[in-house]
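Fit chains L and A to the known structure of chain C by using the hints.
Residue numbers (full-length UniProt numbering), protein chains in the order written: chain C, 1 to 272; chain L, 1 to 260; chain A, 1 to 154.
There could be a bad hint or two in this list.
To be verified - Listed next, with one range per pair, are the computed distances between beta-carbon atoms:
(1) C:D120 to L:S41: 21 to 29 Å
(2) C:T111 to A:Q4: 18 to 26 Å
(3) C:T111 to L:L255: 45 to 53 Å
(4) C:I175 to L:S227: 52 to 60 Å
These are calculated hints, taken from the structure and not from any lab test.
In this text, a Cβ means the ideal position worked out from N, Cα and C, and glycines have one as well.
Residue strings, one per chain:
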Amino acid sequence: MTENLAVVEDLHFSRAATPIFSGVNLRVRRGQITAVMGPSGTGKTTLLKLLGGQLQPASGKISVFDQEVARLERSALFKLRSRMGMLFQSGALFTDMSVYENVAFPLRVHTDLPETMVRDLVLIKLEAVGLRGARDLMPAELSGGMTRRVALARAIALDPELLMYDEPFVGQDPISMGVLVQLIKRLNQVLGLTSIIVSHDIGETLSIADYAYILSGGRVIAEGTPAELEASKQAEVRQFVGGLPDGPVPFHYPAADFSEDLFGIAKEADHA
Amino acid sequence: MLDLLAGLGRKQLDILAALGRSGIFIFQSLVGWPKSTEALSLWVRQVYSIGVLSLIIIVVSGLFIGMVLALQGYTILVDFGAEQALGQMVALSLTRELAPVVAALLFAGRAGSALTAEIGLMKATEQLSSMEMIGVDPLKRIVAPRLLAGFFALPLLTLVFAMVGVGGGWLVGVDWLGVDGGAFWSNMQSAVGFQQDVINGVIKSLVFALAVTWIAVFQGYDLVPTSEGISRATTKTVVYSSLVILGLDFILTALMFSNI
Amino acid sequence: MPKQRWVEISVGGFMLLGILALVFMALKVSGLTMNADRNSFQVEAYFGDIGGLKPRSKVTLAGVTVGRVAAIELDEEWFEARVVLEMNSSLQGKLSKDTAAAIQTAGLLGDNYISLTPGIEDEMLGPGDTLRDTQSALILEQLINQFITNSSRD
Numbered sequence: 001m002t003e004n005l006a007v008v009e010d011l012h013f014s015r016a017a018t019p020i021f022s023g024v025n026l027r028v029r030r031g032q033i034t035a036v037m038g039p040s041g042t043g044k045t046t047l048l049k050l051l052g053g054q055l056q057p058a059s060g061k062i063s064v065f066d067q068e069v070a071r072l073e074r075s076a077l078f079k080l081r082s083r084m085g086m087l088f089q090s091g092a093l094f095t096d097m098s099v100y101e102n103v104a105f106p107l108r109v110h111t112d113l114p115e116t117m118v119r120d121l122v123l124i125k126l127e128a129v130g131l132r133g134a135r136d137l138m139p140a141e142l143s144g145g146m147t148r149r150v151a152l153a154r155a156i157a158l159d160p161e162l163l164m165y166d167e168p169f170v171g172q173d174p175i176s177m178g179v180l181v182q183l184i185k186r187l188n189q190v191l192g193l194t195s196i197i198v199s200h201d202i203g204e205t206l207s208i209a210d211y212a213y214i215l216s217g218g219r220v221i222a223e224g225t226p227a228e229l230e231a232s233k234q235a236e237v238r239q240f241v242g243g244l245p246d247g248p249v250p251f252h253y254p255a256a257d258f259s260e261d262l263f264g265i266a267k268e269a270d271h272a
Numbered sequence: 001m002l003d004l005l006a007g008l009g010r011k012q013l014d015i016l017a018a019l020g021r022s023g024i025f026i027f028q029s030l031v032g033w034p035k036s037t038e039a040l041s042l043w044v045r046q047v048y049s050i051g052v053l054s055l056i057i058i059v060v061s062g063l064f065i066g067m068v069l070a071l072q073g074y075t076i077l078v079d080f081g082a083e084q085a086l087g088q089m090v091a092l093s094l095t096r097e098l099a100p101v102v103a104a105l106l107f108a109g110r111a112g113s114a115l116t117a118e119i120g121l122m123k124a125t126e127q128l129s130s131m132e133m134i135g136v137d138p139l140k141r142i143v144a145p146r147l148l149a150g151f152f153a154l155p156l157l158t159l160v161f162a163m164v165g166v167g168g169g170w171l172v173g174v175d176w177l178g179v180d181g182g183a184f185w186s187n188m189q190s191a192v193g194f195q196q197d198v199i200n201g202v203i204k205s206l207v208f209a210l211a212v213t214w215i216a217v218f219q220g221y222d223l224v225p226t227s228e229g230i231s232r233a234t235t236k237t238v239v240y241s242s243l244v245i246l247g248l249d250f251i252l253t254a255l256m257f258s259n260i
Numbered sequence: 001m002p003k004q005r006w007v008e009i010s011v012g013g014f015m016l017l018g019i020l021a022l023v024f025m026a027l028k029v030s031g032l033t034m035n036a037d038r039n040s041f042q043v044e045a046y047f048g049d050i051g052g053l054k055p056r057s058k059v060t061l062a063g064v065t066v067g068r069v070a071a072i073e074l075d076e077e078w079f080e081a082r083v084v085l086e087m088n089s090s091l092q093g094k095l096s097k098d099t100a101a102a103i104q105t106a107g108l109l110g111d112n113y114i115s116l117t118p119g120i121e122d123e124m125l126g127p128g129d130t131l132r133d134t135q136s137a138l139i140l141e142q143l144i145n146q147f148i149t150n151s152s153r154d
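Excised from the complex, chain C in its bound form (with noise of 0.2 Å):
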């Protein structure tokens, strides 16, 4: 076994037209919180859902546990997807099960486990995000924060081996926020799990990572570790670490010239 868990080599895809990904090298080590960080729309989710074989890579090649996720069968990536956790954005509860029965969900179908071991397994997984008792609710009754927290009990019901976090911390409060970094990073150390923490709250982020990319434009424009990256005098790291608006990363979509724009618009308006 190497020490990468999951390797990501000259990545390239795109969406429609949209190249989303142009040569992208990742290494995620056994044991580390891996950050992936960069602005809104770089495919930090989209980069999950490949490791995840969600989707398919244009080319290049993505191995999680020395295996090829493009190159399995559809049953084989299920067993590969038992092995890996995955806590979504908006945390995805099935809308229809309680609390409990979500969490018990991964348990029931992939081990032929007893009622009372299935009983005990959610109620240490539930304690452990702290929400032993809200067991009883359905998901619409819970906060944004608890949902994230009763997800990430589901993610770890199968002591999985890679847990892949998307955005945990977009709108949060301060507090539930801090009790998500928190809690990651004790996951991370006591379960002896592996991390991939994709983000775009760096402050927090950076924290708790053991190695951060950052991707702009399809591409990791910097990696290293926390302290590396703060040092760095790079113009992008220092826009993004420093929380920039304007600078090597654009604040502007791709647009024509702005003055041009407007005369254009006044041209137009003259002739009608």
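Same frame as chain C, now just chains L and A:
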């Protein structure tokens, strides 16, 4: 001009691609559907939400359609002194046409649109993706039980519709307008054949069930996961289902009843 | 889980209702009888012209329905219509062999049916026998034609 042609061609290819996707979709959902007790309980739950919950609208519409048929039929038949034939008119129109078609149209509006919206919302809230990542195939877990429940429920609803319709016809014809009850039933029995009318009606409704459920579930699964996408897909389900039902009805009627 | 139980019970009720509807459609609406084959016997009759007679048309005796037309086919030797009648078995051995069969019309525009008139012979009609005394359908257009030609000859 060339642009227009190219656009048209692209549109055709899009339609062809959607058709292909829907074919692969139904194939992957139904092949190797697990026959465990859990699958059965998922199916039962869907029969409940698709079939049992549609019962009220089916029963009420069936009753009224039977009553209207009897009322209209009576005013026409009484001119020829043939009001004895009321039973046969009501029963034949119900078993051959109205029960399969109207039940299917109501089913598309009541259960089909709900299916599309439900699956669409699951897609929009990433529930389908997260199920995939848990290692459960949503085609098998979400889609297949719904498809099979739809195939099963509509023929039953059609039979209930026809029964209630005949009852409504009897209520108006015999109980209210005073047509002779004996003649009502005996004329009906001599005119309606079990095989060529009742069974053919059930076959029709089975075909409609396949079409409507397939369209509804596929539209839900294939939609653009935004609120606009969901509303558009729900509309599409009802429109496409209705058109397909009426078109198929013509073809099936031509095949079944043209040589009787 | 009580909810799951309610779902199961109501789905069971739904299926039962569907079966009930099928049975209703079969027995009450289409008049299917389970033992139609055992309780009937077949006789044949040849007609020169059957008019609008169809399979499943009624066979009556003194106005009472006593059977149905089971099949109609062309006899290719004599070019007549061979009609198979399915009669209630209660009449087996009770109708004489020279019973007459006539194709009549219910009302002016109604369906064609076969009306039987009992004969006087001692020998009784059994399964597979042929009715000799038959009267073809009256065809309205032919009657009118005849009437016109006859009256113009006068």
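Hint check results:
no.	hint	verdict
1	C:D120 to L:S41: 21 to 29 Å	holds, 24 Å
2	C:T111 to A:Q4: 18 to 26 Å	holds, 21 Å
3	C:T111 to L:L255: 45 to 53 Å	holds, 51 Å
4	C:I175 to L:S227: 52 to 60 Å	violated, 30 Å
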